[in-house]
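Following the hints, position chain H against chain Z.
Chain order of the listed sequences is Z and H. Going by this note's numbering, 711 is the number at position 711 of the first sequence; the sequence numbering is gapless. Going by this note's numbering, 376 is the number at position 376 of the second sequence; the sequence numbering is gapless.
What the hints contain is simulated information worked out from the structure, not anything from laboratory work. There's no promise every hint is true.
Because identical chains share one entry, a pair is satisfied inside a single copy or across any pair of copies.
Taking lysine-lysine and the DSBU-like style, the derived pairs with C-alpha atoms no more than 30 Å apart in a straight line are [claimed, not checked]:
id	residue 1	residue 2
1	K798	K833
2	K721	K227
3	K612	K562
4	K187	K117
5	K65	K187
6	K117	K163
7	K605	K790
8	K798	K721
9	K503	K493
10	K790	K721
11	K82	K196
12	K740	K562
13	K803	K721
14	K651	K790
15	K196	K65
16	K833	K619
17	K401	K491
18	K10	K117
19	K82	K180
2 protein chains.
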Amino acid sequence: MTKWVYHFGKETDGKAQMKNLLGGKGANLAEMSSLGLPVPPGFTITTEVCTAFYDNNSQYPDELKAQVLDAIGKIENQMDMKFGDASNPLLVSVRSGARVSMPGMMDTVLNLGLNDKTVEGLIAKSGDERFAWDSYRRFIQMYGDVVMGLEHHDFEDIMEQHKRDMDITEDTDITAEGWKEVVANYKEMVQRQLGKPFPEDPQEQLWGAIGAVFSSWMVPRAITYRKINDIPSNWGTAVNVQSMVFGNMGEDCATGVAFTRDPSTGENFFYGEYLVNAQGEDVVAGIRTPQSLTVQGKEREGSDLPAMEEVMPAVFKQLDEVRHTLEAHYKDMQDIEFTVQQNKLFMLQTRAGKRTAAAALKIAVDMVDEKLITKEEGLLRLEPSSLDQLLHPTLDPKASKNIIAKGLPASPGAASGIVVFSADDAESRANNGEDVILCRIETSPEDIHGMHAANGILTTRGGMTSHAAVVARGMGRPCVAGAGSISIDYKTKTLSVGGNDVKEGDILTIDGGKGEVMLGEVATIKPELSGDFGIVMQWADEARRMKIRTNAETPLDAQTAKDFGAEGIGLCRTEHMFFEASRIQNVREMIFAETLEGRETALAKLLPEQRKDFIDLFKIMDGLPITIRLLDPPLHEFLPQTMEDIANFTKESGLEESYVTRRQSELHESNPMLGHRGCRLAITYPEICAMQARAIFEAAVETNATPEVMIPLIIGVEELKILKEVVVAQAEAVFTEKGKSVEYMVGTMIEMPRAALMADHVAVEAEFFSFGTNDLTQTCMGMSRDDAGKFLPDYVDKHILEKDPFQTLDVAGVGQLVDMACQRGRSARPDIKLGVCGEHGGDPSSIAFFEACKLDYVSCSPYRVPIARLAAAQEAIKQSKEKKLRSVA
Amino acid sequence: MTKWVYHFGKETDGKAQMKNLLGGKGANLAEMSSLGLPVPPGFTITTEVCTAFYDNNSQYPDELKAQVLDAIGKIENQMDMKFGDASNPLLVSVRSGARVSMPGMMDTVLNLGLNDKTVEGLIAKSGDERFAWDSYRRFIQMYGDVVMGLEHHDFEDIMEQHKRDMDITEDTDITAEGWKEVVANYKEMVQRQLGKPFPEDPQEQLWGAIGAVFSSWMVPRAITYRKINDIPSNWGTAVNVQSMVFGNMGEDCATGVAFTRDPSTGENFFYGEYLVNAQGEDVVAGIRTPQSLTVQGKEREGSDLPAMEEVMPAVFKQLDEVRHTLEAHYKDMQDIEFTVQQNKLFMLQTRAGKRTAAAALKIAVDMVDEKLITKEEGLLRLEPSSLDQLLHPTLDPKASKNIIAKGLPASPGAASGIVVFSADDAESRANNGEDVILCRIETSPEDIHGMHAANGILTTRGGMTSHAAVVARGMGRPCVAGAGSISIDYKTKTLSVGGNDVKEGDILTIDGGKGEVMLGEVATIKPELSGDFGIVMQWADEARRMKIRTNAETPLDAQTAKDFGAEGIGLCRTEHMFFEASRIQNVREMIFAETLEGRETALAKLLPEQRKDFIDLFKIMDGLPITIRLLDPPLHEFLPQTMEDIANFTKESGLEESYVTRRQSELHESNPMLGHRGCRLAITYPEICAMQARAIFEAAVETNATPEVMIPLIIGVEELKILKEVVVAQAEAVFTEKGKSVEYMVGTMIEMPRAALMADHVAVEAEFFSFGTNDLTQTCMGMSRDDAGKFLPDYVDKHILEKDPFQTLDVAGVGQLVDMACQRGRSARPDIKLGVCGEHGGDPSSIAFFEACKLDYVSCSPYRVPIARLAAAQEAIKQSKEKKLRSVA
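Bound-form chain Z, shown alone (with noise of 0.2 Å):
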């Protein structure tokens, strides 16, 4: 026979790891009971039920009858009560528990149980009448909302209509007289709306209020939330029936909510509130102010009223040893209700508390000094993405905000300064000492200069990966993207939104994490990096496999990210460091031209400057590996791009104006993603890669470096060994001119599917590869990151991709040609050093994924480098549980 019902109490059949039968609620409850805790005895009907009842065309299973009726049977045992019993009658509460908490569900009915007999009941045991009459009204109200589905309102409005026949304004001057006409009242009005009177059998109340929970399952709001968090709908939820507690009965009674420690800052310190003569929803509804538990809390808010550890000294100290049980058993802070009879304390919930970052990892770190918890658990419980909130300054919660405008949140972190509309005004103003903030409708490579020197960057058009966002994650500048209702009119120096008109040198703040924009200065918080930040990291460090490295090629990125932990640059996109101002001229020069002899006499007035960039990156990371990838993207996009720019290059350069339009024409590409750029540029132009490698090689030499240079866009090996050539032929001239030489590595980007599939050949002249995981899912899937904007929502709303495959690595399709490429390439060269450089490189859940391929390393933009280190921990460490757990079995 299945056993559908688990009991709690002094007799308990279930445990904390049988939450998918029990749901979180009941299994908690159960682990509770077995611990000894004080919880009113109950019983959980399992998920399981919920499963069957949907697949069996609403019937429930034939003997859950038997055992919900013996279940109660154990509770009236227990309690020496009876259900429906006239003089000792036994009260219920009946709620919900998921696995996970779920909006939507049917949540609480109390006092079940209760009709015209058992209400005298509940007087005499009790003592008060009042306090019976308003049980009783309140369980119909609960009732007739939540199982009968009647509106709210048609309550609210008889005991409205009540208060103003006895002219009174506040629920508590209603009397014992008062509560029972209300009762009476809102049965009527049950019978008249649904032409049925309101259930007298305590049975059928319980049997409804099951149905209830039940149904609930299935109603459009939970369906909703299911189809967005992904919660698979055979999952089910439990019900809880449990005995009635009352904090309610008078001045011996109360109830409270506590976290076993601080959850804003992880303090070990008893955090809760409590309220004498309440029932829980008081402390919630905010109608009484809830009184701190401890009188340190007191103190520390300034509070008036007495600790809870003053006015119920035994009882506190009873709740405060629960706490510590609980902590002991969890090993976690934990988030509990409790109630409080006649002086006696029932324990209704624990659960793990939610927390802030900060108090997260402090949490995590007195925990494995109080050696509650290994350095592993503690790792493991941390969730990486979080500590993002710890890098980047944050606005004052305290401040208040007049939001204008909302964008994208393209790189986290607040700032405020002073309106600007170009980068040579942001750069001049901050060159005075001020606070700018950089406001453009897109930016190019012309702004980059601009940039670094604003505060934050806010555009109108652009989405997550737009120039702007990419760059400011880059800068580790705040910024907000593609905010469309603004609009910028860089006549006037003017953005209008919403009939606000902010003109230069008004005041702006930005919340890049959360994409908001703000009139006027709002207070930040500068981050402050605590030490238990830091031993974190290094428990992280002890533990994980991978190596980090960084996605950086300016000194003060490359600086960042060594500050943060990086143990090497993974990814130093060489075209960035064309972009800058002084030497663009050049690099166009290079593109204008049509023969090899214009291209060298412009790459010669390159090579001194791109030499000068990577002596200053390999003096920073003095001795850490550097990849090095050779000129990327399209030609075109280094081109002049206004009118101004156009004619500028035209005059500096001195060619012809119809020889430049003519260039510009011919360089346009239909679909410049799949067009001529990456290693495609270098087969043609060899020269472009030769200076390249000249400047590397100069530079290492110089500083001791060992470059690591790597070819991207390769389609399989033969573009590899042809450019490989070039890149060897420099290094073996430079060292014979200086009369010196350097280890180095040539390798590949694997970002091309035929290059993943052809990987057992590539590898046999690739030292390395790194994968290129944005473009190889752009090709992979046939997407533009830029053009997806249009329909990816749509994807990710209809469950067709249940993430943005260019933030989290899309393991089911793209996943295989990573893996199959790490092995094909194994399979050629076993040494091959693995590593990633794609925005997943910084991705928690996509960092699962590469530890599972056993990378050699992740690279990440700075400032996502502490999050890859600690993503990397826990995954090493899951793993090799697993791999232990599997070689057990």
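Structure of chain H alone, referenced to chain Z:
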């Protein structure tokens, strides 16, 4: 001991199958010797010597010298002459002979062995002093040129000087004494130029010639040729040394070349030329008019000169017997060379003869009739691509041509007509019965009606896959694309190129097979599909396993393809139906709509038109399967392009100008190939899919068709699942409304790498896969067809890719995805129907791969259908042979 030298003659070591070792010429000389045909004895130094020579620092293998000496001895024995003997000298020829004939290689040295002494022996033996001295000077001239590296004109100068001195003008007037003097002067010139005498020692002469052959393997021209034709340099060349026979020893001597059948028509007719008293080079040189071999040939040519059949009837009879022997033996038409020395026939070469496509068909059919070969052998001997010649009009080869420009050979066939510069003009002139050539800078969907009306299309911009090229090929219209030297001025209706101005109304001729543009009318010949074509196609249909379908959407294309033997439509691109002028306005209104309602209004107008399209198509195909692909291209392809179009559209639609401008810009995409297209459109706008499905089913019910509905551009099963529901719902609705239903299938394109990787999941929902290898190649390689022109030529030149992957499938890379998807698809649905509908479906070497994958069908443009039928048959035969061989092994 390695055998470096193979004999032929009385004693023969080699055979035809040893081409790799002996080269083509050597192997066939050995084969003819073995057949007992009169081959002057000789020997072949193997290609392995060449390889060993280059591997070993230009040293010959040790044993070579002895083996050559021995081989010379064998010739001496058989000929009863002696190499270098003053009274009875053996003379030899030395020729190169690689596996395939190769320009740049040393060709021939004749009469080797002559010197001041042996020339006397030749005089004695031939009794012809003039012949002997002439032979001697020819030898010095050839040897001096090809072995010693002297300039040809230095020899010519001496001869001219002699004629001036003697006051004669013709070579034939030079006397024996005169040639003797020329010989002396030649030798003196050699001594003067090289500082060493011309070698008198026949052994030295021989080794000099052998060395020259091997050296010529590495001359730049040969290296380049090998690179271009992908011939490995380690194949090497062989050297053939053969006893001399003389066709120029008197009137009982002759020399000639022949084909065993007519290479132009294929007729079984002995086709060839000869010259009495001449050496081989004289026939080719064209100084004397060669005479026909047969009386029939002489009559055909209307020649007065006597045929060999008349002049030397006995020898001719012998030659005709050789002809039959060779055909019976080689079972193919042969290209032969022969010499008659003093009424004795000698065979100098035989090889398979080159032939026109028409001749190839006729020869195959005749030889099967003659039971020389089987149908399978007949099929295997044909070159599928050459059939293309037979399907399009061609220029009369006798006509003179004034070529004014060259462009890309974008769509084969030739056409003459009046020049027009707009689609409307093309249409109205064509309606008046005029032949027109539509000349445009580029074409766009707006021009379709004009392209249809035109006899030929000429563009000055765009590549082999430009709109003009693709559409023209689909329509079977000749097209020259991207003729960049031509400039077109629409205003003055003039095109200019190299000083020629061509105005509207003037006449041009284009040759779309060669890319030539000619002034005036050049007569064209219409293709005649002979009975042989039909017979061969019937054999092919019996032999092949794969079905051949066509890519077609217009009634004309469908009918053409059906006439060419298409067994269904594999790809009906519904968007092409939208391009028609009459409905583009409605399509645009749909696209510009921002609301569901707006789109539905426009779609309602399109429904009846689309239904009619399908009815027409279903009627033509009359029960054959038709795969209909739902809307595929990016929406913006339908947008009005020119300012005038935009103005017209705005006016007709009644929309605000600012609205049109805004939508136009919103619909722009950075990388349209990777953008909002294919099923992605249907996911965001399911109503488009619903309209198309309804049109399909309404048409199918009316015509009893069994449509196959194809969803494009999926990346996994989910999109298919969602859209299949939309299609099925429409089918059921239509069937209910009409009270009648038809069979149908729903399947998908596999054209994104991810779809291939997820094929096992996709096949759960898909009843068929059709590989879209164009897009699959683009995404697998990350190469846009539209942009690859800038680097693809370099990629093919540098052997990064062996061929243009958009013409011939990249089996190594893209092929892996196709193969994987076939296997995975079948694993989930064993009877899944598999086909291909990219351009590769009509490419013979790609078809070989598709046969290996055991696809059910290939689909190609109408004019490729016969090619595909033949290629599929050849592959079925080859692969079943291989299978048999494997099963034997």
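Okay, the hints, checked on the actual structure:
In this assembly of identical chains, the alpha carbons of K798 and K833 lie at most 30 Å apart only when taken from different copies (28 Å versus 38 Å within one copy). Within a single copy, K721 and K227 get their C-alpha atoms only as close as 49 Å, which misses the 30 Å cut-off; across copies the closest is 16 Å, which meets it. Taking the shortest Cα distances, K612 and K562 sit within 30 Å of each other inside one copy (20 Å), while across copies they are farther apart (67 Å). In this assembly of identical chains, the alpha carbons of K187 and K117 lie at most 30 Å apart only when taken from the same copy (14 Å versus 141 Å across copies).
Within a single copy, K65 and K187 get their C-alpha atoms as close as 28 Å, which meets the 30 Å cut-off; across copies the closest is 123 Å, which misses it. Taking CA atoms no more than 30 Å apart as the test, K117 paired with K163 passes inside one copy only; the shortest distance there is 26 Å, against 146 Å between copies. Only between protomers do K605 and K790 lie at most 30 Å apart by alpha-carbon distance; the minimum there is 26 Å, versus 42 Å within a single protomer. For the homomeric pair K798 and K721, the shortest alpha-carbon distance between copies (11 Å) is at most 30 Å, but the shortest distance inside one copy (44 Å) is not.
Within a single copy, K503 and K493 get their C-alpha atoms as close as 6 Å, which meets the 30 Å cut-off; across copies the closest is 53 Å, which misses it. In this assembly of identical chains, the alpha carbons of K790 and K721 lie at most 30 Å apart only when taken from different copies (21 Å versus 39 Å within one copy). Proximity of K82 to K196 under the C-alpha cut-off of 30 Å is restricted to the intra-copy arrangement: shortest distance 26 Å within a copy versus 131 Å between copies. Taking CA atoms no more than 30 Å apart as the test, K740 paired with K562 passes inside one copy only; the shortest distance there is 28 Å, against 72 Å between copies.
Taking identical chains as interchangeable, the C-alpha atoms of K803 and K721 lie at most 30 Å apart only when they sit on different chains, with a minimum of 18 Å there against 37 Å within one chain. Only between protomers do K651 and K790 lie at most 30 Å apart by alpha-carbon distance; the minimum there is 28 Å, versus 40 Å within a single protomer. For the homomeric pair K196 and K65, the shortest alpha-carbon distance inside one copy (24 Å) is at most 30 Å, but the shortest distance between copies (120 Å) is not. In this homomeric assembly, K833 and K619 come within 30 Å of each other (Cα to Cα) only inside a single copy, at 23 Å, whereas the closest approach across copies is 61 Å.
Proximity of K401 and K491 under a CA criterion of 30 Å is satisfied intra-copy only: 29 Å inside one chain copy versus 61 Å between copies. In the homo-oligomer, the alpha carbons of K10 and K117 lie at most 30 Å apart inside one protomer (29 Å), although the nearest pairing across protomers, at 129 Å, exceeds that limit. Within a single copy, K82 and K180 get their C-alpha atoms as close as 23 Å, which meets the 30 Å cut-off; across copies the closest is 142 Å, which misses it.
The structure shown violates none of the earlier numbered hints.
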